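Residue numbers for the first sequence follow our numbering, beginning at 1 and rising by one.
Source of the hints: derived by calculation from the structure; they are not laboratory data.
Since the model is a prediction, treat every value here as computed from it, not as a measurement.
One thing to keep in mind: the hints can contain errors.
As the list claims (entries may be wrong) - Below, a list of computed lysine to aspartate or glutamate pairs in the EDC-like style, where the Cα atoms sit at most 20 angstroms apart:
#, residue 1, residue 2
1, Lys348, Asp384
2, Lys410, Glu237
3, Lys194, Glu425
4, Lys301, Glu256
5, Lys97, Asp395
6, Lys91, Asp370
7, Lys91, Asp395
8, Lys301, Glu344
9, Lys146, Glu425
10, Lys194, Glu467
11, Lys301, Asp286
12, Lys497, Glu197
13, Lys270, Asp219
14, Lys348, Asp395
15, Lys346, Asp370
16, Lys259, Glu317
17, Lys301, Glu269
18, Lys410, Asp370
19, Lys348, Asp332
20, Lys97, Glu425
21, Lys335, Asp395
22, Lys410, Asp468
23, Lys335, Glu317
24, Lys346, Asp395
25, Lys146, Glu485
26, Lys335, Glu256
27, Lys194, Glu256
28, Lys97, Asp382
29, Lys497, Asp191
30, Lys270, Asp332
31, Lys194, Glu169
32, Lys348, Asp382
33, Lys194, Asp395
34, Lys270, Glu317
35, Lys346, Asp384
36, Lys346, Asp382
37, Lys335, Glu295
38, Lys270, Glu237
39, Lys183, Glu485
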Amino acid sequence: MGLTRNRRKTDPEIVIARDTDSESSSSEEEEEEEDNYPVSESEEEEKPVKNGGKIELEKSKAKGKAPITVCKQPGHEAGFKGATYIDCPMKPCFLCKMPGHTTMSCPHRVVTSHGTLPTSHRNTKNPMEFVFKRQLQPRIPPIKPKYVIPDQVHCAVIRYHSRRVTCLEFHPTRNNILLSGDKKGQIGVWDFAKVYEKSVYGNIHSVQVNNMRFSPTNDDMFYSASSDGTVGYTDLETGTSSTLINLNPDGWQGPESWKMMYGMDINSEKGLVLVSDNFGFLHMIDQRSNNTTGEPVLIHKQRTKVVGLDCNPVQPELLLSCGNDHFARIWDLRKLQSGDSLNELKHKRVVNSAYFSPSSGTKIMTTCQDNRIRIWDSIFGDLDSPSREIVHSHDFNRHLTPFKAEWDPKDTSESLIVVGRYISENYNGAALHPIDFIDSSNGQLVAEVMDPNITTITPVNKLHPREDVLASGSSRSLFIWRPQEEKTEIEEEKKDKRIIICYGDSKKKGKKHKRGSDDEDEDDDMFSSRGKNIKLNKTQVKTTKSTRKTKT
DNA sequence: AAGGCATGTTTCC
DNA sequence: TGGAAACCCTGCCT
Numbered sequence: 001m002g003l004t005r006n007r008r009k010t011d012p013e014i015v016i017a018r019d020t021d022s023e024s025s026s027s028e029e030e031e032e033e034e035d036n037y038p039v040s041e042s043e044e045e046e047k048p049v050k051n052g053g054k055i056e057l058e059k060s061k062a063k064g065k066a067p068i069t070v071c072k073q074p075g076h077e078a079g080f081k082g083a084t085y086i087d088c089p090m091k092p093c094f095l096c097k098m099p100g101h102t103t104m105s106c107p108h109r110v111v112t113s114h115g116t117l118p119t120s121h122r123n124t125k126n127p128m129e130f131v132f133k134r135q136l137q138p139r140i141p142p143i144k145p146k147y148v149i150p151d152q153v154h155c156a157v158i159r160y161h162s163r164r165v166t167c168l169e170f171h172p173t174r175n176n177i178l179l180s181g182d183k184k185g186q187i188g189v190w191d192f193a194k195v196y197e198k199s200v201y202g203n204i205h206s207v208q209v210n211n212m213r214f215s216p217t218n219d220d221m222f223y224s225a226s227s228d229g230t231v232g233y234t235d236l237e238t239g240t241s242s243t244l245i246n247l248n249p250d251g252w253q254g255p256e257s258w259k260m261m262y263g264m265d266i267n268s269e270k271g272l273v274l275v276s277d278n279f280g281f282l283h284m285i286d287q288r289s290n291n292t293t294g295e296p297v298l299i300h301k302q303r304t305k306v307v308g309l310d311c312n313p314v315q316p317e318l319l320l321s322c323g324n325d326h327f328a329r330i331w332d333l334r335k336l337q338s339g340d341s342l343n344e345l346k347h348k349r350v351v352n353s354a355y356f357s358p359s360s361g362t363k364i365m366t367t368c369q370d371n372r373i374r375i376w377d378s379i380f381g382d383l384d385s386p387s388r389e390i391v392h393s394h395d396f397n398r399h400l401t402p403f404k405a406e407w408d409p410k411d412t413s414e415s416l417i418v419v420g421r422y423i424s425e426n427y428n429g430a431a432l433h434p435i436d437f438i439d440s441s442n443g444q445l446v447a448e449v450m451d452p453n454i455t456t457i458t459p460v461n462k463l464h465p466r467e468d469v470l471a472s473g474s475s476r477s478l479f480i481w482r483p484q485e486e487k488t489e490i491e492e493e494k495k496d497k498r499i500i501i502c503y504g505d506s507k508k509k510g511k512k513h514k515r516g517s518d519d520e521d522e523d524d525d526m527f528s529s530r531g532k533n534i535k536l537n538k539t540q541v542k543t544t545k546s547t548r549k550t551k552t
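Could you build the full structure based on these sequences and the hints that come with them?
Structural data, given as structure tokens:
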């Protein structure tokens, strides 16, 4: 049953254009931009001229050598043996968090149905459910379209950001413009059609960008919410930015009082920018005046982060929020009052994201830190328990941007979702972290997308609103994936020029990386060095083609 | 070039 | 309740 393994069937097409004309010209361009980066944090100053964005694979191997003892029992350990993770038998399964088995033998690890849990005690006789079935169901095509999976790296900017990517946003009308925010507060604007056209705005925020939205009334402007406690309103072309809210007008008074902006969405009907903070409050900005309206409303537990906001695409007065108090909540903006949500969706752990389905707005999907994606098939039905729970590895980790499962906005059946996977899989000796496409209506894994050159975890993913394009942020790099295409030789050639490698902090001290020195093995970028590594692994199995997975 | 460690957030007790 | 422990895949620095 249609599990397509979207791994390369042929040689990886992406070649790093090192020392070619195109590449060096790109690096010139690179420099120009990077000179404009403000160096805001002192730690940045101390960076060495050249840092090793080196070979993760070796690292993980190294890990095997220093096993972590995770229980008191002597001899019990956990860690990587090669590319395979071995768990401590005393700990609950790393995937589903249930005791009694290890990750390798987890029942949710079955290849085809990536661990859907059966519906529990659903009340199918609920009248609202009936109404839903009669009135709304007919609008949803019963036959699922054939999924087109963007499974090939089409272009990339390696080490584009100086810190890990935290959020992505496609331009609402210009198909090839991608916004990316990072941990440091910088925002990238990349035209991925003209691959080399990109810029980074470093003075909008001082720390982590958590969410970005384009203005529905002016395509050239976007909002951004940041952990610096501000909401920025920025001109896409010039980077000229104004601050619409600042929750820390008196500056740093210690961690107890420092406020941060997390969730953000726009209610275009009312012309409101909705933003949520780390103290449990919702703030509103009037788009016309660019000023706050009304008082902040407590929508989640006091002093907890409200990480996500989502306005219903059909009924914009319906707001979905989620946060660290283990709840997702549905609100009616017309009668928004603290404690007065329409519904409370309880979770076992922190809820990283909660989204209405993109076209009908009648489904809800949440990503929770208990390694489950939850689906409610109808907001009109029984919301006490989700319609489905899909066990999926997307653990919280301090080094990673929290994972969020995202709908495919183009899938009219509202079932295809994309989400990065935390736990690695042994693909012919290489530990890779695929990006999973899941049919959320049944939990089936539709495709696992990966590239042997990307060995980092990819927690940030977004599907294009109109085209078969996936954008993903992995560590400091951005990737654009498209479906496999017929390859002409011209295409092949072009591909060489589709990967941009940024030498990041190298120039901070006015010193250039050793570009001119005809660097033999100087590829400190992840794409090429990883590629090499994979080759090593391939030779082990005596083939230079196919990185076919050897999973059992 | 292998190893140390800063880092933040959540859960545990 | 607050303080401490845990943390499985970062990335930088020595």
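Here's how the hints hold up against the structure:
1. A hinted pair counts as satisfied when its Cα atoms are at most 20 angstroms apart, and Lys348 with Asp384 qualifies at roughly 14 angstroms.
2. Distance restraint check for Lys410 and Glu237: the Cα-Cα separation of roughly 27 angstroms exceeds the 20 angstroms cut-off, and the hinted pair is therefore not satisfied.
3. With a CA separation close to 34 angstroms, the supplied pair Lys194 and Glu425 exceeds the 20 angstroms bound.
4. Taking the CA atoms of Lys301 and Glu256, the gap is about 16 angstroms. The hint holds against a cut of 20 angstroms.
5. Distance check on the hinted pair: Lys97 and Asp395 sit about 10 angstroms apart at the alpha-carbon level, within 20 angstroms; holds.
6. For the given pair, Lys91 sits about 15 angstroms from Asp370 by alpha-carbon distance, which is consistent with the 20 angstroms threshold.
7. Between Lys91 and Asp395, the direct Cα distance comes to roughly 15 angstroms. Compliance with the 20 angstroms bound is thereby established for this hinted pair.
8. With a C-alpha separation of about 12 angstroms, the suggested pairing of Lys301 with Glu344 holds against the 20 angstroms cut-off.
9. Distance check on the hinted pair: Lys146 and Glu425 sit about 26 angstroms apart at the alpha-carbon level, beyond 20 angstroms; violated.
10. The suggested pairing of Lys194 with Glu467 holds, with an alpha-carbon distance near 16 angstroms, which does not exceed 20 angstroms.
11. Among the hinted pairs, Lys301 with Asp286 is inconsistent with the structure: their alpha-carbon atoms are about 25 angstroms apart, more than 20 angstroms.
12. For the hint pairing Lys497 with Glu197, the CA-to-CA distance comes to about 12 angstroms; that is within 20 angstroms, so the pair holds.
13. With a C-alpha separation of about 18 angstroms, the suggested pairing of Lys270 with Asp219 holds against the 20 angstroms cut-off.
14. A hinted pair counts as satisfied when its Cα atoms are at most 20 angstroms apart, and Lys348 with Asp395 qualifies at roughly 13 angstroms.
15. For the hint linking Lys346 to Asp370, the alpha-carbon distance of about 12 angstroms falls within 20 angstroms, and the restraint holds.
16. Under the criterion of a C-alpha separation no larger than 20 angstroms, the hint pairing Lys259 with Glu317 is inconsistent with the structure, at around 26 angstroms.
17. Taking the CA atoms of Lys301 and Glu269, the gap is near 28 angstroms; set against the 20 angstroms cutoff, the hint is violated.
18. Distance check on the hinted pair: Lys410 and Asp370 sit about 28 angstroms apart at the alpha-carbon level, beyond 20 angstroms; violated.
19. At roughly 24 angstroms between alpha-carbon atoms, Lys348 and Asp332 are farther apart than 20 angstroms, so this suggested pair is violated.
20. For the given pair, Lys97 sits about 18 angstroms from Glu425 by alpha-carbon distance, which is consistent with the 20 angstroms threshold.
21. Proximity of Lys335 to Asp395 is assessed by CA-CA distance (about 35 angstroms); at most 20 angstroms being required, the pair is judged violated.
22. Distance hint between Lys410 and Asp468 is fulfilled; the C-alpha atoms sit about 8 angstroms from each other, no more than 20 angstroms.
23. Under the criterion of a C-alpha separation no larger than 20 angstroms, the hint pairing Lys335 with Glu317 is consistent with the structure, at around 9 angstroms.
24. Note on Lys346 and Asp395: the hinted pairing holds, with a Cα-Cα distance of about 18 angstroms set against a maximum of 20 angstroms.
25. A threshold of 20 angstroms between alpha carbons decides the hint, and for Lys146 with Glu485 the separation of about 17 angstroms falls inside it, so the pair holds.
26. Restraint check for Lys335 and Glu256: the C-alpha separation of about 31 angstroms exceeds 20 angstroms, so the hint is violated.
27. Taking the CA atoms of Lys194 and Glu256, the gap is near 45 angstroms; set against the 20 angstroms cutoff, the hint is violated.
28. With a C-alpha separation of about 26 angstroms, the suggested pair Lys97 and Asp382 falls outside the 20 angstroms cut-off, and the hint is violated.
29. For the hint linking Lys497 to Asp191, the alpha-carbon distance of about 14 angstroms falls within 20 angstroms, and the restraint holds.
30. For the hint linking Lys270 to Asp332, the alpha-carbon distance of about 13 angstroms falls within 20 angstroms, and the restraint holds.
31. A distance of roughly 18 angstroms separates the Cα atoms of Lys194 and Glu169; the hinted pair therefore holds under the 20 angstroms criterion.
32. As the CA atoms of Lys348 and Asp382 are separated by approximately 19 angstroms, the hinted pair is consistent with the 20 angstroms bound.
33. The hinted pair formed by Lys194 and Asp395 fails the criterion: a straight-line CA distance of about 35 angstroms is larger than 20 angstroms.
34. Proposed proximity of Lys270 and Glu317 is supported: the alpha carbons are some 8 angstroms apart, at most 20 angstroms.
35. Straight-line distance between C-alpha atoms of Lys346 and Asp384 comes to about 8 angstroms, which keeps the hinted pair within the 20 angstroms bound.
36. Between the alpha carbons of Lys346 and Asp382 the distance comes to roughly 13 angstroms, so the proposed pair stays at or under 20 angstroms and holds.
37. Between Lys335 and Glu295 the alpha-carbon distance is near 14 angstroms, which keeps this suggested pair within the 20 angstroms criterion.
38. Taken as a hint, the Lys270 and Glu237 pair is broken in the structure, with Cα atoms around 26 angstroms apart against an allowance of 20 angstroms.
39. The suggested pairing of Lys183 with Glu485 is violated, with an alpha-carbon distance near 34 angstroms, which exceeds 20 angstroms.
When the structure is compared with the earlier hints, violations turn up for hints 2, 3, 9, 11, 16, 17, 18, 19, 21, 26, 27, 28, 33, 38 and 39 and for no others.
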